[in-house]
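A.B. asks: Sequence:
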Amino acid sequence: MTTNNNEKFTFYTSEQLAELLDVDVEWVRYNRNRGKNPIPAKRFGYRTVVYDKKEVLEWFGRKDLTLKFYRTKKLAEKLGCSEAWLKANRASDNPIPFRRLGYLVRYNEAEVNSWVKNNTV
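Going by my numbering, the first residue of the sequence shown is number 1, and it counts up by one from there.
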């Protein structure tokens, strides 16, 4: 993460954003210019691309993007259930909160913990 002296702007590189979202860096690069809802990116010169933290937070709908995200397989291991159950749960009346990142699905740790407190797996 890069900041200026006044701490007004915070930027992520593609690699930092990919690590934060637990996705492949190529997915970040591919989705910054494509689809109906691309990741907001700023280009400086020919090769330098950065992501403004404020814009990314608005795009992602989060107040804090530093939270941990689980892939379906890792969450199934954590909760002691099958991946098939988690996938079926997405279509239920009370699903575990998840986010779609293009074709990928991620579960936010805080949202999952909140859901688990009020529901049974």
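Rather than coming from a laboratory, the hints here were simulated on the basis of the structure. Computed from a prediction, not measured in an experiment: that's the story for all the values here. Check each hint, because a few of them may be wrong.
Said to hold, decoys possible - Straight line, CA to CA, 27 Å or less: simulated DSS-like cross-link-like pairs of lysine-lysine:
#1 Lys53 to Lys42
#2 Lys87 to Lys117
#3 Lys73 to Lys42
#4 Lys87 to Lys73
A.B. asks: Evaluate each hint against the coordinates.
C.D. replies: Evaluation of the provided hints:
The suggested pairing of Lys53 with Lys42 holds, with an alpha-carbon distance near 11 Å, which does not exceed 27 Å. A hinted pair counts as satisfied when its Cα atoms are at most 27 Å apart, and Lys87 with Lys117 qualifies at roughly 20 Å. A hinted pair counts as satisfied when its Cα atoms are at most 27 Å apart, and Lys73 with Lys42 does not qualify at roughly 33 Å. Between Lys87 and Lys73, the direct Cα distance comes to roughly 10 Å. Compliance with the 27 Å bound is thereby established for this hinted pair.
Hint 3 from the list above is the single one not met by this structure.
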